[in-house]
Amino acid sequence: MTNELLSIKDLEVWYKTYRGYAKVVNGVNLTVNKGEKVGVVGESGCGKTTTMKSILRMNVQSAYVNSGEILYSGENILKMNEAKLQEIRRRDIAMISQEPSAALNPVFTIGEQIRDVIRYSDTKKKFTKEEMQSKAIDAIKSVMISDPERILASYPYQLSGGMKQRICIAMGLVVPRNVLIADEPGTALDVTIQDQIHRLLHNLVEEKDMSLIMITHSLGVARELVDRIHVMYAGDVVEVAKTDDLFKKPLHPYTIGLLDCVPKLSGGGISEGIYGYVPSYINPAPGCRFASRCPKATQICREQKPSMTSVDAEHSVACFNYQ
Amino acid sequence: MLRFLSRRLLQGVFVIFGLSIFIFVISRIIPGDPAKMALGPRATETAVEQLREEMHLNDSIPEQYYYWITGALKGDLGKSVNTKRAVVEDVSEFLPATIELVIVSGIILIVVSLLLGVLAARYKDTWIDALIRFTAYIGIAIPSFVMAIIFLLIFGLVLQWVPVLGRLSPGMTPPPTVTGLMMVDSLIAGDMAAFWDAFEHIILPAISLALGGLLQEARILRSAISDNMGKEYIAVARGYGIPNNKIMNKYLLKPSMIPVVSVMGLDLASLMGNAFLVEKIFNWPGLSRYGLNAMLTKDLNAISAVILIIGLMFLVINIVVDIIIAALDPRIRLGD
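Here the protein sequences line up with chains A and B, keeping their order.
Residue numbering for the first sequence follows the working numbering, starting at 1 and increasing by one per position.
Residue numbering for the second sequence follows the working numbering, starting at 324 and increasing by one per position.
In case anyone wonders, no lab produced these hints; they're calculated from the structure.
Even for Gly, the Cβ is constructed at its ideal location relative to N, Cα and C.
There's no promise every hint is true.
To be verified - Computed list of chain A residues with no C-beta within reach of chain B, every gap over 10 Å:
id: 1; residue: G74
id: 2; residue: K79
id: 3; residue: M95
id: 4; residue: G111
id: 5; residue: E131
id: 6; residue: S160
id: 7; residue: Q194
id: 8; residue: D245
id: 9; residue: I256
Said to hold, decoys possible - Simulated restraints on C-beta separations:
id: 10; chain 1: B; residue 1: V434; chain 2: A; residue 2: N81; range: 29 to 39 Å
id: 11; chain 1: A; residue 1: D147; chain 2: B; residue 2: N572; range: 25 to 35 Å
id: 12; chain 1: A; residue 1: D147; chain 2: B; residue 2: I349; range: 55 to 65 Å
id: 13; chain 1: B; residue 1: E523; chain 2: A; residue 2: D147; range: 21 to 31 Å
id: 14; chain 1: B; residue 1: A650; chain 2: A; residue 2: G45; range: 34 to 44 Å
id: 15; chain 1: A; residue 1: D147; chain 2: B; residue 2: I511; range: 45 to 55 Å
With the sequences and hints as input, model every part of the structure.
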């Protein structure tokens, strides 16, 4: 595709533990087009955040990329030198953290932290303090916070969770960028605020014509916000489809299970959910990682890893027994 | 800030008042007759009795305290039976030497501990870190007076790098007294030879005094930095392309300083107390040596004065440390 902006190819990320390597991200493929909103959906601990953090090489030291590439405008970020990478971090891609309270440094004011993001966004240009301040104020205003001057002078502990999440978004958007990665931006918040934040993010991204990667564990959230969904399970992308197609015709048993978990207004009570839990990543069994929980598993599922098969141009699935 | 200061100073007054009662009573109920000790074994009964009367030792302890505190409030801490001089005079002679030692020691403590802590964190799990860790375990485990003796033997006697006793070499003429701090005075007088000599004299006692605390704080800083290194906000700063040294010196160092400064404050305040044996070993003509002598000979007024001054310094340093911590950590407010 010509307008492919960011693509992850066969990415494997392992964590070093005392019991051996935890093979958390197990060959993920993911593409984001220019101006596209992409969702990455899966339950907790399935490697969504690890995959996304690999893009900006923000992972903790114990995580290391075993293989794969991450191409941004055709260049492999994982092989890039430090200076080039810093350029991308400063101007092209930003990631909004899952925990706004942990993402802000407790001993500096919000303004100080946002100003540093602006200051280093263009190393050739010297920003004056007033320029940086007015950019910061604009960013804070854009996330629907009144009284930006007071907020910029505040320390993180003085603000509520919803406020901090907005500030994290403002920080990501203060410099014009091509890609915004939002890591479950509503998780730490109550549902009303969560909804506001999602809408805000959606509108801002549309307004600035950016690409968005939205990580979430809720298909319901993804449905409202994104154009295309990657369903992840235990470090594998198991199904990729346009949002509408996925809801109309889910193919992977895991996707079907997840869809079952979205509460429906038409009643039917609480769904049964998916039996079992994400398997251990240390010495995982060969074959499909979902096999042990899968209602349709057969002998081959336990022996071979299913590869991605295209059902049509926009819909592919990694399963031997899909409908 | 002002409210905080005035409240802490008011609290301080009560603390010092309590301390004065405590030390006054303790020094008087421990066995031994100060008058007899002052006059020596061959003094006559009448002479001893006369001195007892003079020192109000025959009165009840509350009465004695009343005499002492009314004098103290007027700036008269009584007479030392040892030196036969006013205690205030003794103190003003010996205090500057101790203050100089504590200041130099404090500077070494702060600078070197931060340096070693950052170094150990930066080169975590390399030989540099291991060397600092190894030195730290030894340095923390060995008390400062043992360290002082070892230093004295190695650097003073075997290697003869530095002189070992007193504040200045015997041949040196001390600079005219302005502040009482030998190094400052010699700088004021423009006497570089005296400055260098004073520096050589102070360096060993200052290092042995600072070493234990210094190494402990280096370890605390190292672990605070390496804890914070894994924090989300550091990953975020990295993700925004903030330069590495900026992350190290700003985003990482400031939050990591908080636990260090609290412990460092305690250590700086205890330097005064710890100086006792180090001053004795290096024959440093300071307050602690004077106080130690006073305790061994039960020189009541001198003991009270020395303890009070150490208490006062402890108080002041604690207030300063609280202010610094509040400046570092915005979550702490000084209660105003």
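Starting from the hint 45 to 55 Å, judge whether the C-beta atoms of D147 (chain A) and I511 (chain B) obey it. Because 54 Å falls inside the window, the suggested range holds.
Please confirm whether G111 (chain A) is truly not at the interface, meaning its C-beta sits more than 10 Å away from all C-beta atoms of chain B. Holds, since 13 Å exceeds 10 Å.
Please verify that the nearest CB of chain B lies beyond 10 Å from G74 (chain A)'s CB. 20 Å, holds
Evaluate the condition: distance from the CB of E131 (chain A) to the nearest CB of chain B exceeds 10 Å. 18 Å, holds
At the C-beta level, are V434 (chain B) and N81 (chain A) separated by a distance inside 29 to 39 Å? Holds - the Cβ-Cβ distance for V434 (chain B) and N81 (chain A), about 36 Å, lies within 29 to 39 Å.
At 10 Å, judged by beta carbons, does M95 (chain A) keep clear of chain B as stated? 5 Å, violated
Least C-beta distance from I256 (chain A) to chain B larger than 10 Å: 34 Å, holds
Verdict for E523 (chain B), D147 (chain A) (Cβ pair) under range 21 to 31 Å: The hint (21 to 31 Å, Cβ to Cβ) is violated, given that E523 (chain B) and D147 (chain A) are roughly 60 Å apart.
Report holds if the minimum CB distance from K79 (chain A) to chain B is greater than 10 Å, and violated otherwise. With a cut-off of 10 Å, K79 (chain A) remains clear of chain B, as the shortest Cβ separation is near 18 Å.
Since S160 (chain A) was said not to touch the interface, does its Cβ keep a gap of more than 10 Å from each Cβ of chain B? For S160 (chain A), whose nearest Cβ neighbour in chain B is about 15 Å away, the distance exceeds 10 Å, so it holds.
Does the beta carbon distance between D147 (chain A) and I349 (chain B) stay inside 55 to 65 Å, or does it fall outside? 58 Å, holds
Confirm or reject: Q194 (chain A) is not an interface residue toward chain B, with every Cβ-Cβ distance exceeding 10 Å. 19 Å, holds
The structure does not agree with the numbered hints 3, 13 stated previously, though it agrees with the rest.
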